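Chains as they are written, first to last, in full-length UniProt numbering: chain A, 1 to 215; chain B, 1 to 568.
You may find that some hints are simply not true.
In silico DSSO-like pairs for lysine-lysine, Cα to Cα no more than 27 Å straight-line [what the hints assert, rightly or not]: (1) B:K475 / B:K321; (2) A:K126 / A:K58; (3) B:K214 / A:K126; (4) B:K214 / B:K226; (5) B:K226 / A:K126; (6) B:K225 / A:K126; (7) B:K475 / B:K500; (8) B:K321 / B:K472; (9) B:K321 / B:K262.
Far from chain B, by Cβ distances over 10 Å, these chain A residues were calculated [what the hints assert, rightly or not]: (10) P36; (11) S65; (12) D66; (13) D79; (14) E140; (15) F144; (16) Q181; (17) D182; (18) P184; (19) S203; (20) F206; (21) Q210; (22) A211; (23) L212.
No lab work stands behind these hints, which were simulated from the structure alone. Owing to the predicted nature of the structure, the values given are computational and were not obtained by experimental measurement. Don't be surprised by glycine CBs; every beta carbon is placed ideally from N, CA and C.
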Amino acid sequence: MITLYDFELSGNCYKLRLLMSILKLRYDIVPVDFYPGRQHKADWFLRLNPFGQLPVLKDDDLVLSDSGAILAYLARKYDETGLWFPDDPAVTAEVLRWHAVADDITSTASAARLALGFFYDFDVPKAQAGAHRIFRLMDEHLWFGEREGRDWLCSPAHPTTADIACFPYVMLSEEGGIGRQDYPALRRWTDRVRRIPGFTVMSGIFPAGQALEIA
Amino acid sequence: MTLSVSDPTWYPIASSEDLPFRHVYAGQLLGRELAVWRADDGNVNVWENRCLHRGVRLSIGINEGGELKCQYHGWRYANRSAGCTYIPAHPADAPARRIQNRTYPVREAYGLIWSAANDEQAFRPFPGAEGHDWFALRPMPVNAAPEDVLAALAGLAPDDQPADLLPGLAVRFGGTYYFVQPVDACRAVIRGLLAEPPAEPVATLRHYNETLTKLRDRLERAARKKPAPEPLQPAFDKVSADLATMPDIAIPKGNTITVVVKRKWTSADGVIGFELAARTGHLPTFQPGAHIDIHLPNGMTRQYSITNGPGELMSYIIGVKAESASKGGSKVLVETVREGDLLSISEPRNNFPLRRDATRTVLIAGGIGITPLLSMARFLDKSSLPYELHYFTRAGETVAFRADLEALHGKVTFHTGVPRDEIGATIASALGQWSMAQHVYVCGPGPMLETVRETAAAQGWPEEAIHFEYFKNDKVIDNSSAFDVELARSAMTLHVPSGKTIMEVMRDAGLTVPSSCEQGACGTCLTTVIEGDVDHQDVYLNNSEKASNRCMMTCVSRAKSARLVLDI
């Protein structure tokens, strides 16, 4: 039985809801009042995750934390197709590289969002500038990917956990005052992510229209 | 050079490749945010990036191929005209407000999308544009003043080949053209074009990208040391009252449009298709279920439903039944109007609005009644909403618009030559039991409409869920009564004798009365009743509207009481 310790407005928690929705997994949710209750710093939560961070996932007796690590775990354990976290050393390195970028997006775009929407004391201009720096790199990577026939962040011809890890805080960047107008290829990639079968929404992340079916 | 918000110059705002189908691109020009999208017919729309409803950005909307839908509140705007085709909170049976989003001029050429802040200048190709197979570089956004970006680009030219400055913030050297898109006073996008596609496209793109990245970094370092210029402040006109106010129900605006008969063909035995095209540009936005009045060469006016799908505004396609019993209207169209002829039509009007919040929509057509329902089916189809279309034709009659119907993805069932006594059962099973948020739309001959209305009512369908359009009133009009009408607003009392309609008597008294079908089918002459007992003989109102005694059609309805007081 899978249990997700979840805060609905957290992009990091949403990453797991998204993958579990795509993989059609059943799970329970234990809501954690991250804001304003700060329950992720409560004693009972720190006993689950001493790092005091959401999300936490319990699979029977196994307790896991860190959204990127949990994405890898869920894909390895429950994705029978093996596509979401492919078993190839070079691709694993690629996926983990983008998991690290996802953490950089969290520490910039998500930090700006926490400051503007949740009254956290962060340096907003610095966080915004950092997010723009990453988005520029992603846009360039994705733009050349389109020219080279690659639709996703990593080289396989299908999405991986890297796309899920990077997606939420790109989509929520406007809440941190970070526009995506300068990143057209990044915006097209978010359309593609939102068209993955099993895609689910969260507050601030809405579905994309249907792709044109070429008959 | 100082940037001006009213600069009429055409600038590139996107690459053609930035606009895949079913995507909405976010752009900006001279401080104005733009929502740019390519419709399924290839047409590119450049609109102000705001939904007129609450100002939510349209660049987060859904490109449905023929319409752009605002995700927050569900408003829809049509390809080409940007006319609003659906307002969710609007009562379903109210007429559409004539709302149009703000648009900007657009031209797709040389691998780029071009636009301008206003329509003051015609689009002109840049010098040397013709005769090349242009290849667009990766656009490079720069946080620096557009003039500084242009100067730096000119500085890229080799010493022995000085840059050639072109109008519109453009520069050329070697075979490369650079255009600076003035996003705002402190932001720009560099858009490069090569005169021919290179032998190794990706390597070439990477090479230019590297050069422009270095240029960008240098420009941004310099810009950070200067005080940032004030962003441009474009002023937006208010939406005109004409566009923003509710029009009176179904009263023709009186505006006519001249159209060319582009194509005339036999769609089925006895059904002639007409394609009516605008002489220039596109025709007005219409809603699914809408019709136009055609002013015929013999002076008659007849209504025909538009069969088009969303955003198809280059021409309207109608179907005309060429029956011998015709009173003359359709006969004239079928027999005398030829391809190339000009016709005068009204703006589209809608007495048969389609809800788009239904969980299940059932469309039932009989014969030529397919025309409004074909349009509805196309709208539902494009939006991937669930619907079932049942098309009844008599034995021997052939199915009109068959290829168009077969191209739909929804459930389309052809019922051909169903015996009269089995039609009821077929309709009953097509409808099923009603449940919440199901709607049925029916158009066809009178007896069939009655069968659908009765069957639906018997299976629990409430009146609000049954939507119908008669294309004519088959009832025998009893005009034997005589009574007085008091016209409250005109302060006039008229006597209506037997053998004359209220409308005729009002016209004899010098009043201008809007009318269209003059047989109680179209709703044009709908009038509010203040006092009196109405003898309804129309097929436009539903039973509860008739029972309310609050409204009537002056073309066929009469009074049961000695006196009627009308709000005219």
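A quick look at each hint next to the structure:
For the given pair, K475 of chain B sits about 20 Å from K321 of chain B by alpha-carbon distance, which is consistent with the 27 Å threshold. Taking the CA atoms of K126 of chain A and K58 of chain A, the gap is about 35 Å. The hint is violated against a cut of 27 Å. Between K214 of chain B and K126 of chain A the CA atoms are separated by roughly 22 Å; this keeps the pair inside 27 Å, and the hint holds. Straight-line distance between C-alpha atoms of K214 of chain B and K226 of chain B comes to about 19 Å, which keeps the hinted pair within the 27 Å bound.
Taken as a hint, the K226 of chain B and K126 of chain A pair is honoured in the structure, with Cα atoms around 19 Å apart against an allowance of 27 Å. Proposed proximity of K225 of chain B and K126 of chain A is supported: the alpha carbons are some 17 Å apart, at most 27 Å. The hinted pair formed by K475 of chain B and K500 of chain B meets the criterion: a straight-line CA distance of about 17 Å does not exceed 27 Å. Taking the CA atoms of K321 of chain B and K472 of chain B, the gap is about 12 Å. The hint holds against a cut of 27 Å.
In summary, the hint linking K321 of chain B to K262 of chain B is supported, as the alpha carbons are separated by about 18 Å, within the 27 Å threshold. For P36 of chain A, the shortest C-beta to C-beta distance to chain B comes to about 26 Å, beyond the 10 Å cut-off, and the non-interface label holds. Its beta-carbon lying about 32 Å from the closest one in chain B, S65 of chain A satisfies the requirement of being farther than 10 Å from that chain. Even its closest Cβ contact with chain B, about 30 Å, leaves D66 of chain A beyond 10 Å, as expected for a residue assigned away from the interface.
With a least CB separation of 28 Å from chain B, D79 of chain A remains clear of the 10 Å interface cut-off, as annotated. With a minimum CB-CB distance of about 7 Å to chain B, E140 of chain A fails to clear the 10 Å threshold, and the non-interface call is violated. Residue placement check: F144 of chain A does not keep its beta carbon more than 10 Å from all beta carbons of chain B (closest about 7 Å). Listed as a non-interface residue, Q181 of chain A fails to keep its Cβ farther than 10 Å from every Cβ of chain B; the least gap is roughly 5 Å.
Some Cβ of chain B comes within 10 Å of the Cβ of D182 of chain A; the nearest lies about 4 Å off, and the non-interface call is violated. Interface exclusion of P184 of chain A from chain B breaks down, the closest Cβ pair being 5 Å apart, not more than 10 Å. No Cβ of chain B approaches the Cβ of S203 of chain A within 10 Å, the least distance being about 12 Å, so the stated non-interface status holds. Listed as outside the interface, F206 of chain A is inconsistent with that label: its C-beta sits roughly 5 Å from the nearest C-beta of chain B, within the 10 Å cut-off.
Not every Cβ of chain B is farther than 10 Å from the Cβ of Q210 of chain A; the closest lies at roughly 5 Å, contradicting the non-interface assignment. With a minimum CB-CB distance of about 5 Å to chain B, A211 of chain A fails to clear the 10 Å threshold, and the non-interface call is violated. Not every C-beta of chain B lies more than 10 Å from that of L212 of chain A, the closest at about 4 Å, which undercuts listing it as non-interface.
Comparing the model with each earlier hint shows violations of hints 2, 14, 15, 16, 17, 18, 20, 21, 22 and 23; every other hint is respected.
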